[in-house]
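Top to bottom, those sequences are chains A and B.
Just so we're aligned, residue 1 is where the first sequence starts under full-length UniProt numbering, counting upward by one.
Just so we're aligned, residue 1 is where the second sequence starts under full-length UniProt numbering, counting upward by one.
Just so you know, not all the hints are guaranteed correct.
[As the list claims (entries may be wrong)] The following label-pair restraints were derived from C-beta to C-beta distances:
1. B:Thr108 / A:Ile55: 51 to 59 angstroms
2. B:Phe432 / A:Leu198: 38 to 46 angstroms
3. B:Thr297 / A:Arg185: 51 to 59 angstroms
4. B:Leu120 / A:Ala26: 28 to 36 angstroms
5. A:Gly15 / B:Thr297: 37 to 45 angstroms
6. B:His467 / A:Ile55: 38 to 46 angstroms
7. B:Phe432 / A:Gln68: 46 to 54 angstroms
8. A:Gln68 / B:Asn455: 35 to 43 angstroms
9. B:Phe432 / A:Ile149: 36 to 44 angstroms
10. A:Ala19 / B:Arg243: 45 to 53 angstroms
11. A:Trp187 / B:Thr297: 52 to 60 angstroms
12. B:Arg243 / A:Leu93: 33 to 41 angstroms
13. A:Leu198 / B:Gln299: 54 to 62 angstroms
14. A:Leu239 / B:Phe432: 44 to 52 angstroms
[Stated by the list, open to error] Quick partial rundown of chain A residues pointing at chain B, CB under 8 angstroms, derived from the structure:
15. Ile25
16. Ile33
17. Ile36
18. Leu72
19. Gly75
20. Ser139
21. Gly143
22. Phe205
23. Pro208
24. Ser209
25. Gly212
Hints listed in this document are in silico derivations from the structure and should not be mistaken for laboratory results.
Where a beta carbon is used, it is the ideal one built from N, C-alpha and C, also for glycine.
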Amino acid sequence: MPVAVFFGCAFIAFGPALALFVFTIAREPLRVIILIAGAFFWLLSLLLSSLVWFIAVKASNPENVSLQKGLLIFGAVFSVVLQEVFRFAYYRLLRKANEGLAAISEENLSPISVQQMAYVAGLGFGIMSGAFSMINILSDSLGPGTVGIYGDSQYYFITSAFMTMAMTLLHTFWGVVFFDGCEKRRWWVIAAVAALHLLVSGLSFLNPSYEGSLPPAYVIMVLMAAWAFFSSGGSLQTLTQVWMCKKNGVDSS
Amino acid sequence: MDFMEIHQNNVSSEGAEPRRRTSESGERGRGETELNGQPPSARPIPATVTEDDEDEELTLKYGAKHVIMLFVPVTLCMVVVVATIKSVSFYTQNDGQQLIYTPFREDTETVGQRALNSILNAAIMISVIVVMTLVLVLLYKYRCYKVIHGWLFISSLLLLFFFSFIYLGGVLTCMSVTCGSGDSGITDSTSVGTHALSRVLLYCTREVFKTYNVAMDYFTLAVIIWNFGVVGMICIHWKGPLRLQQAYLIMISALMALVFIKYLPEWTSWLILAVISVYDLLAVLCPKGPLRILVETAQERNEPIFPALIYSSTMVWLVGMADNVETRKNNTSSSSEPENPASPGQQSEDDGGFTSAWVGQQQQQLGNLQSTEESRREVQQMPSARPPADPADDEEMGKASATASGDWNTTLACFVAILIGLCLTLLLLAIFKKALPALPISITFGLVFYFATDNLVRPFMDQLALHQFYI
Numbered sequence: 001m002p003v004a005v006f007f008g009c010a011f012i013a014f015g016p017a018l019a020l021f022v023f024t025i026a027r028e029p030l031r032v033i034i035l036i037a038g039a040f041f042w043l044l045s046l047l048l049s050s051l052v053w054f055i056a057v058k059a060s061n062p063e064n065v066s067l068q069k070g071l072l073i074f075g076a077v078f079s080v081v082l083q084e085v086f087r088f089a090y091y092r093l094l095r096k097a098n099e100g101l102a103a104i105s106e107e108n109l110s111p112i113s114v115q116q117m118a119y120v121a122g123l124g125f126g127i128m129s130g131a132f133s134m135i136n137i138l139s140d141s142l143g144p145g146t147v148g149i150y151g152d153s154q155y156y157f158i159t160s161a162f163m164t165m166a167m168t169l170l171h172t173f174w175g176v177v178f179f180d181g182c183e184k185r186r187w188w189v190i191a192a193v194a195a196l197h198l199l200v201s202g203l204s205f206l207n208p209s210y211e212g213s214l215p216p217a218y219v220i221m222v223l224m225a226a227w228a229f230f231s232s233g234g235s236l237q238t239l240t241q242v243w244m245c246k247k248n249g250v251d252s253s
Numbered sequence: 001m002d003f004m005e006i007h008q009n010n011v012s013s014e015g016a017e018p019r020r021r022t023s024e025s026g027e028r029g030r031g032e033t034e035l036n037g038q039p040p041s042a043r044p045i046p047a048t049v050t051e052d053d054e055d056e057e058l059t060l061k062y063g064a065k066h067v068i069m070l071f072v073p074v075t076l077c078m079v080v081v082v083a084t085i086k087s088v089s090f091y092t093q094n095d096g097q098q099l100i101y102t103p104f105r106e107d108t109e110t111v112g113q114r115a116l117n118s119i120l121n122a123a124i125m126i127s128v129i130v131v132m133t134l135v136l137v138l139l140y141k142y143r144c145y146k147v148i149h150g151w152l153f154i155s156s157l158l159l160l161f162f163f164s165f166i167y168l169g170g171v172l173t174c175m176s177v178t179c180g181s182g183d184s185g186i187t188d189s190t191s192v193g194t195h196a197l198s199r200v201l202l203y204c205t206r207e208v209f210k211t212y213n214v215a216m217d218y219f220t221l222a223v224i225i226w227n228f229g230v231v232g233m234i235c236i237h238w239k240g241p242l243r244l245q246q247a248y249l250i251m252i253s254a255l256m257a258l259v260f261i262k263y264l265p266e267w268t269s270w271l272i273l274a275v276i277s278v279y280d281l282l283a284v285l286c287p288k289g290p291l292r293i294l295v296e297t298a299q300e301r302n303e304p305i306f307p308a309l310i311y312s313s314t315m316v317w318l319v320g321m322a323d324n325v326e327t328r329k330n331n332t333s334s335s336s337e338p339e340n341p342a343s344p345g346q347q348s349e350d351d352g353g354f355t356s357a358w359v360g361q362q363q364q365q366l367g368n369l370q371s372t373e374e375s376r377r378e379v380q381q382m383p384s385a386r387p388p389a390d391p392a393d394d395e396e397m398g399k400a401s402a403t404a405s406g407d408w409n410t411t412l413a414c415f416v417a418i419l420i421g422l423c424l425t426l427l428l429l430a431i432f433k434k435a436l437p438a439l440p441i442s443i444t445f446g447l448v449f450y451f452a453t454d455n456l457v458r459p460f461m462d463q464l465a466l467h468q469f470y471i
C-alpha cells in the first residue's frame, strides 16, 4: 500500500476543497478566519455528539455487537442533527458579526456578503468533516498492510476518498442553501437540508455495499450544486454569459 | 506570560488605508524591505485621529490581516514539529533524562505519587518564573536599565549555552546508549560559545541522518552547520532579510518545542501549562500583578516598554511583555547551573515524551525568546499591535504531543482550537484596547480540545471509520 495510494486518495478527497481554498479564500484574511471558525463549530458539534455516544456506550453492554452498532447509528444520526444545529448557530453568529462589520465600515457596507460567508462557512464545515473522516485512513495507507485481507472490501481507501470528497462539497452546498433559507426565512429549506444530510449519512450505513451509498451521494451532490447555484443568484443567463465571455476572450485574443 | 497591546496612536498611515483587497502579507504594504531591528524609515504617525469609527475600522481592518499573520507562523511551526516527530523517533523516546527544573520523576508506582511529583515539579517551575518576573519588574521600576541590558545579553548567551548543552548531552547520551556503552555522561560543552545554534542543528541533523541512513562526513556537516549557525545568529540578533529571520525563528521555535517534548514528563507539563495560563491571567490583569505594573510604569514614563530590551535583542522596535517574559526566562536559565542530571537512560516509557503540554513555561524558560521574536516579526509588519508570543510555542508543543500520540484527529483538533483561541484573544484585544494576557484562552481551548478529542472523539471516529459510516 505505497505512496501512490496515499497521494491518490489524498488528492481525490481533498483536491476540490484545496482548490477552492487556494483560489477563493486564501487571499482574504477575513474569509480564512470565517473558515477556521466554521471548522471550529463543526468540531464542537462533533465533540458534543461523541460525548453523548460515549456515555451511551459506557452505559451499555459492550459484548452485544448489534446493540453497539445500533448505538453507533444513533450516535451518527444525533451527530448529523447537531451539525445542523451548529450550522444554524454559526449563521446567527455570522449575522451579528456582519452587522458589526457593516456598522464600523466607511460606507456602512460590510466587507463580506452573507452569500460569501455562507460559502466559506460551508467549506469550513466540509473541510473539517472530510479531514476528520479521512486523515487517519490516509496515514494508515502509508503503512504496510493488505486491504480487505479478512474478507472486507478491497476498495476501502478509494471509496473513502470519493465519499469524503462528496461530503466536503455537499457541506459547502448545504452551507450556501442553508444560509439562504435562513436569510429568506424559508424554514422548509432548512428542514430539507437537514433531511438530505440525514439521507446521505444514512446511505453510508449501507457500506460496504458501495452501490447503495456512493452513486446516490453523488447524485444528491449534483442536485445540491444546482440548488446552491440557483439560490445564490445564478441563472442560466449567467452561465451562458460565462461561456460567451470565454468565447469572446478567445476570439479577441 | 505575555500580553498584547494595541497602540492606537501608532497606527501607520499605510495600515490605515482601507483595503478591500488585502494583500497577502503585511510587508507588501511597505515600499521598502524591512530589516529586523530597524523601523522602516518613513512611517508617519497620523497627527490627528479623527473619529472613533475610523479608529475602530482601522483596528478591525488590520485586525483580520494581523490574525492571519499570526496563523501562518503558528501553522508553519506546527508543520515542522509534527513532521519531525513523525519522522525522527528520538524525540518520542524517553531516555529518562529530565530538566533540572523538574527533578521529580514521574515513573512511580502509584498514581498518587506521580500526581504529587508532577505538582511539585510544576510548583518549582512556577515559583522560579514568578521570582524572575518580580526581579525584572523591580529592576525596570528602579531604572536599572544597564543591569537589564547586561542580564539579557548574558542570559541569552548562557541560554544558548544551556540549550546546546542539553542537546549535546542528549545526543551523546542517545548515541552512547545506542552504541551499547553504559556511559551516559555528558562530555564537555566548553566549546559552545556563541554557536549554540549550530549545535542545535548538529544535534537535529544527526538524528535526521540516523533516521534516514544518510552518509555524511563531519567536515561537510561542520561547514554546513557553521554557516547555518552564523547566519542565524546574525539574522536574529542583528540585521537580515525578514523572511530569513522568520524562517530561523520558526526553526528555533520548533526545535525548542521538540526539546520540551522530550524532556518534560507528561503530567508535569500539563500542570505547568494550566498554571502558567492562570498566572499569566493574574499577572497581567490584577492591579498588583507584576506585568501590569511593568506596563503601567512604561506608560507613565511615556516610553515604549523596555526599549533597552528591544534594541538589545534587536528584534522589534515595538515593545512587548514578551521581551520581559523572555528575559525572565533567560535569567532563570542562566542563574541555575546548567547541569544535566546524568541519569542512565534506561527508561523505556513510551509515553514519556508525549505530553501535549508544551507548556508555555518551558517556552518561557527557554523558548520565549523565539516565540517572541516570531511574533515580533509580525509586529514589525503591523506596528500597532503586539501579537502573543507564547501561544505559538505552547500550541506547537500541544500539537506535537498530540501527533506523537498517534492520532491525527487530535492534532487537527488542537490546531483549530488554538487558532480560534488566538482569534478570540486578538478580538478581545481589539475590543478592550489594553494589555491582555495572551495565553489563557488559547491554552484552555487547546487543553480542552486535546483531552476531549483524545478520549471522546477518537473512539467515536474510529468506530465510524471501521464501519465506513459518514456523518
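Legend entry - Whether the CB-CB distance between B:Thr297 and A:Arg185 falls inside 51 to 59 angstroms: At roughly 55 angstroms between Cβ atoms, A:Arg185 and B:Thr297 fall inside 51 to 59 angstroms, so the hint holds.
Inset, instruction - Using Cβ atoms only, decide whether A:Phe205 comes closer than 8 angstroms to chain B, and label the hint accordingly. - result: 6 angstroms, holds
Inset, instruction - Take a look at whether the Cβ-Cβ distance between B:Thr108 and A:Ile55 falls inside 51 to 59 angstroms. - result: Once the Cβ atoms are compared, 32 angstroms apart, the range 51 to 59 angstroms for A:Ile55 and B:Thr108 is violated.
Inset, instruction - Hint says 52 to 60 angstroms; check whether the CB-CB distance for A:Trp187 and B:Thr297 agrees. - result: 58 angstroms, holds
Inset, instruction - Would you settle whether the hint for A:Leu72 is holds or violated, based on the nearest Cβ-Cβ distance to chain B being less than 8 angstroms? - result: Hint holds; A:Leu72 Cβ to chain B Cβ min 5 angstroms, cut 8 angstroms.
Inset, instruction - Closer than 8 angstroms between Cβ atoms is the bar; does A:Gly212 clear it against chain B? Give me holds or violated. - result: Constraint on A:Gly212 not satisfied, violated at 12 angstroms.
Legend entry - C-beta pair B:Phe432, A:Ile149: status relative to the range 36 to 44 angstroms that was hinted: 59 angstroms, violated
Legend entry - Verdict for B:Phe432, A:Leu198 (Cβ pair) under range 38 to 46 angstroms: With Cβ atoms ~43 angstroms apart, the hint holds.
Inset, instruction - Classify the hint on A:Ile36 as holds or violated, based on whether any CB of chain B lies nearer than 8 angstroms to its CB. - result: 5 angstroms, holds
Legend entry - Outcome of range test on Cβ distance (B:Phe432, A:Gln68; 46 to 54 angstroms): The hinted range 46 to 54 angstroms holds for B:Phe432 and A:Gln68, with Cβ atoms some 49 angstroms apart.
Legend entry - 54 to 62 angstroms as the expected CB spacing between B:Gln299 and A:Leu198, which holds or is violated: 57 angstroms, holds
Legend entry - Hinted contact A:Gly143 with chain B - closest CB pair below 8 angstroms: Hint violated; A:Gly143 Cβ to chain B Cβ min 12 angstroms, cut 8 angstroms.
Of the hints listed earlier, those the structure fails to meet are numbers 1, 4, 5, 6, 8, 9, 10, 15, 21, 24 and 25, in rising order.
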